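> Chain by chain, the residues run as shown.
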Amino acid sequence: MTQPNRLDDGGVLIDRSHKIKFFFDGKPYNGHPGDTLASALLANGVKLVNRSYKYHRPRGIVSSGPEEPNALVNLGSDATHEPNIRMTQIELHDGLDATSQNRFPNLDADIGVLNAAASRLYPAGFYYKTFIHPRHAWKYLFEPVIRRIAGLGKAPTHPDNSQYEHTYAFCDVLIAGGGVAGLVAAKAASEAGARVILAEQTERLGGRLLVDDDAEIDGKPARVWLEETIAALEAMDNVTIRLRTCCSAAYDHNYCLLYERSGDRGEAAQVRHRLWRVRTARVIAATGMIERPIAFHYNDVPGVMLASAVRDYVKLWGVSPGEKTVVYTTNDDGYRTALALHEAGRTVRAILDSRKDPSGPLVEKARAAGLEIRPNTGIGKAKAKRNKLEQIETVNFDKPEAPGKTMYCDCVAMSNGWSPVIHLYSHSGGKALWDEDAVMYRPDPANPPRGKDAEAMVFVAGSANGELTTDAVVAQAAEIASEALSQLGMKTSAVAPSVTAVTETTTVPVWCTPSPGKAGLGGKHFLDYQNDVTVADVALAAREGYESVEHAKRYTTLGMATDQGKLSNINGHAILGKTLGKTMAEVGTTTFRPPFTPISFGSIAGRETGNLFKPVRQTAMHDWHAAHGADWEPVGDWRRPYRYQRGDEDRDTSIHRECLRVRNSVGILDASTLGKIIVKGPDAPKFLDMMYTNMMSSLKPGKCRYGLMNNENGFLMDDGVVVRLDEETFLCHTTSGGADRIHAWFEEWLQTEWFDFKVYVANVTEQYSQIAVAGPKGLELLGSLDSDIDFAAVPFMGMAEGTVEGCPVRAFRISFTGELSYEFAVPVSFGLALWEKLHAKAEALGGGVYGTEAQHILRAEKGFVVIGDETDGTVTAHDVGMSWAVSKKKEDFIGKRAMERSDLTRPDRKQLVGLLTEDPNEVLPDGAHGVENGKAIGHVTSTYFSPTLKRSIAMALINGGRARFGEVIQISTAKKKTIRAVICDPVFYDKKGERQDV
Amino acid sequence: MSELDLSLARPILEGVSDTGANGLKLFVQLLRGMVTLRADLSSPSVAAAVKDVTGSDMPDVRKATENVLWMSTDELLLLMPYGEGGAVAAKLGEALAGEHHLAVDVSDARSLFKLEGGAAREVLAKGAPVDLARDKFAVGDLRRTRISHIAAAFWQSGAEPDVFEIICFRSYANYLWEWLEESSREGSMPGIL
Amino acid sequence: MLLIDCPCCGVSGEETEFAAGGEAHIVRAGPGSSDADFASYLFDRKNPRGVHFERWRHAFGCGKWFHMVRSTQTLEVFGVYKADVTSPPQDILDRVEAARAEGRVK
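Chains as they are written, first to last, in our numbering: chain A, 15 to 1012; chain B, 7 to 199; chain C, 4 to 109.
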């Protein structure tokens, strides 16, 4: 396997002594360590690497960096598969396996190319214009078909087996970019004593200095200065240099994201990608520039490349993308590419220069080398043969209608000047200014992104600030670094290096090259390769009234592909301006949004997958429940046993057994998740009177009282039993989901409204396991315990403290099942021991455990409400028939004023009632609506089959329901059926409450 | 008559994990007595009561002594052997009678982890938004923050610079344990701290 | 993501450690208040493009509520102060005025 386009010499990055075997579309190729996938494929003469998104046109590699619009591949397979990776950023490694995208059945013969034949039917805004009618066709016809055709890479089908990491990091100065400007800034910052992180997206430091080494720095060849500077920085303790790490974003208050691709090189990496969350005092963006392409007729055929990229391939990787190259430039820098190719022994067919009278040292050097220079000339047309460039036709800018000269070539190197990479300046609101002389957007120094003290957060250094020559880059980088440092109160001892560089004249850009011949602008002049947006599309959008740059972008999709228009935006805006007769400054630019280049989903997820995706809270008895067949019910972050399954019995069998065990013998329930909050202080009674609707100050020590809590809107937000432990101390129980919320709610009122109250609060939810023992045989069970508590002497709503089976407990005689019931609070460490004891005793009496679903049925049989089932944030205590718990004596409590509003006192509000279906075996669907005269009159809030009553029961909120007991209403179900049910009292069982208060 | 049997008390998880990375070791500390004290921390009688039950001076803001953690402007967490929390809370109650305060035994509410080794800082930095550079977070420093999704606090109480004690609410102990183990994997450190 | 200084424990922490609590210095209207005053207490909230007085809680830290004055437009922070006051301190108001005079905020 030879590499036909590999040059005999050169390539500072590659190690020619080793060969690497890799695969593209299943075919094996050779490359060298140091190659990118792009350089290796070009070395092997592979020109066609992709098909375009819309027209399926053949496409090749255009660039050598992150701006690459065309050369996207699927990388890896199965558990390592990753789509849409830019070949120009993939480091070659042994066994690398890449496949091309967006083609069927293969790259050379792709049937989607039929789209191109029909391209006249796809103008700008095609989708908006076409798929509007009929409306439902979008969902069933258009979208499925378009989805199959559209899209870039393949979505992964296997779980990703790679490791991803996050880390927080902090520094004084974050430098984005390890080119000459970044290195000068890093040197300055490190010598000022700043904590520095330098992030470089490639695997190398030096940036363009590795390619364009025609300058002298500090009297030394650029390469020597570079090596010395890197060595000096690496020796500094306060400098962290991260290669393969892109500064993706600079957010508010200088929160920056670094995306590190540390494990993308084939070996079994411990960490594939790492996302750094960096908080830095200042950012220095030394992010360089991106070269602009030139629009001409079929400027997208494989072989048409950026001039700087062609030069990169020659100098960095020893690859000449073509045998014969035509250079098409609008500036001096393009000549460097011609010279590089010439020096590498390849043919430069001609240098076409749009300028009338090119001059300067680089031009002279090319002339002296005998290269043909054609001023005032561009490429009017490119022509492909077998999916690659075969020839171009020149055009004279003064006489575009005249036929041009045909030149056979397999590579075009185009240069239309440069655009500074000002993304990081722009992400958090920094503004850009159009510089008419330099023909580029530069950061506006008067409008930087500002931090929390209104300080400028991001400083732009070197060519990212628009500096074109090495001397200007170095001088500006040193100056801006010292400005950033002085803002931090730091002073650098570093002296700016002196530089001798080649002088250059500025670009005279060509936004669209006229085609030779009559048509003038015929054919497709591509602006955005990835989204197939042409000059004609943008011009059409402007004519159709999409004059704002933001509208034109969305209408044409210019710059909306994964490359975010790194090559296309400026050219597109220029076309928009030309069509509208506006200047670039008047057109304005679209907003740069993070990330700079796409980052992997894996890096966003980090370690937080699987069990770590979301925390699960476990009680002390969690493993016991699991070992005894528990199904889990999520309650907040908790998992509670919903029921305990025996063998392969069905759901209802277990639940009904658990219900009947409580009604007939004795059951135990893990109620540990209930919130428990200690409220203490001389003002605690007064405070709780404000927080609850009922009176708590009158509660006697040692007694329990059920309480309701409102929000200020007068609606129920939580409930639970309050225990007065002593004069100053209360223990407030909350719902399981409400513990943290109610604790925070108490603190909020105490800290922000009644900060004069002497009350301290502590959330002790996690201190206690709570176990309910309920059922007619409860006392018998308790009597058999080794305990110093006389349970029979504890009255209903009373409490006792003591020791049970060696465990320290508080016992509350409260009931949420309607049966005789005690709840034990025991320190969590003793929870399992006490649970196991109680379980053994319960089983001995023919009882056992019950889960949350049985608990829900038991309480529904008694008509007890559950916050969140019977309430939904619009329900008052009166609505659920609990006016008895709303104090009339208290002058004030949270929600009292609201409950006086007319809407909350209407007699026809929804009220809690019971519902009994006419067919006792029919269970109403949860949430089903009561319907009368075609109108909804309320809804079902809880619905069960009651094993105790051997029939279905339901609770519902029905308009004016309490006055309608005995009436039959229709309940509408999702299946368009109605079920008849009788409105009744919501207490279905033991209406007098005799069972709980024996 | 039933006697209190401390041997029945069990931590929610037990174990030591030697993750191998940079000599990292992760322990779940067995049960530890803890008392939350909320009071006016500037009051001399509060300082005296704390000194009396712990032997320790009042810690400064966001500092930890060997057995007293500064949790908030009016809150401390006192550490003692398991089983003594109730008695300590009662003793504080007596000493501060007549002074507004809250002392409550919370010995079972939290799980305590110990992470030691050169990479301990980097493990924590993976999930806590805290500057853990050696000169920014040193012996005696304490920070309440979040680790990954959950509330936690960590401090350096001993003389060793790379030993961290970490607490979280007990129901989250399994989550934090697994998170710490995963984050301690060999070869996964960024290598910056 | 905001960087927030807690005036209670002195931490300078990232926004994820904190919980936003809406507009500051709302006066509670209880029983006896007029319908208009009560409705305003419940529902009227400022949503300025510019300087905003807000409540925050150091939820993952010391647990304390406090106030922060910031520009919703530029995210400039003019100061933080404790919760147990009913109006902002003068030095923060002065800073806001200075920023207005310099045209940084409305």
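Hints were generated in silico from the structure; no laboratory data involved. Just so we're clear, the structure is a prediction, and the values are computed from it rather than from any experiment. Misleading hints may appear alongside valid ones.
Claimed, not checked - Covered, in the sense of this in silico footprint (three residues per stretch, anywhere, with C-beta under 8 Å from a C-beta of chain B), are these stretches of chain A:
#1 180-186
#2 236-249
#3 318-330
#4 339-352
#5 436-447
#6 551-565
#7 839-845
Claimed, not checked - Just the calculated beta-carbon pair ranges, DEER-fashion:
#8 C:Arg52 with A:His565: 46 to 56 Å
#9 B:Arg16 with A:Ala245: 19 to 29 Å
#10 A:Asn625 with B:Glu90: 27 to 37 Å
#11 B:Glu192 with A:Pro235: 17 to 27 Å
Even glycine gets a Cβ: it sits at the ideal position worked out from N, Cα and C.
> So does Arg16 (chain B) sit 19 to 29 Å from Ala245 (chain A), Cβ to Cβ?
57 Å, violated
> For Arg52 (chain C) and His565 (chain A), compare the CB-CB distance with the range 46 to 56 Å and indicate the outcome.
23 Å, violated
> Given the hint of 17 to 27 Å, check if Glu192 (chain B) and Pro235 (chain A) actually sit that far apart at their C-beta atoms.
42 Å, violated
> Please verify the coverage claim for the segment 339-352 of chain A: does it have three or more residues whose C-beta sits within 8 Å of some C-beta in chain B?
violated (count 0)
> Would you say the segment 318-330 of chain A counts as covered by chain B, given the rule of at least 3 residues with C-beta under 8 Å?
violated (count 0)
> How does the Cβ-Cβ distance of Asn625 (chain A) and Glu90 (chain B) compare with 27 to 37 Å: does it lie in that range?
35 Å, holds
> Please check whether the segment 839-845 of chain A has three or more residues whose CB lies within less than 8 Å of a CB on chain B.
holds (count 4)
> Within the segment 436-447 of chain A, is the number of residues with a Cβ closer than 8 Å to a Cβ of chain B three or more?
violated (count 0)
> Count the residues of the segment 180-186 of chain A with a beta-carbon closer than 8 Å to any beta-carbon of chain B: does the count reach three?
Holds: 5 residues of the segment 180-186 of chain A have a Cβ under 8 Å from chain B.
> Do at least three Cβ atoms from the segment 551-565 of chain A come closer than 8 Å to Cβ atoms of chain B?
Contact hint for the segment 551-565 of chain A vs chain B: violated, 0 residues under 8 Å.
> Do at least three Cβ atoms from the segment 236-249 of chain A come closer than 8 Å to Cβ atoms of chain B?
Not satisfied, violated; 0 residues make the cut.
Checked against the numbered hints listed earlier, the structure breaks hints 2, 3, 4, 5, 6, 8, 9 and 11; every other hint is satisfied.
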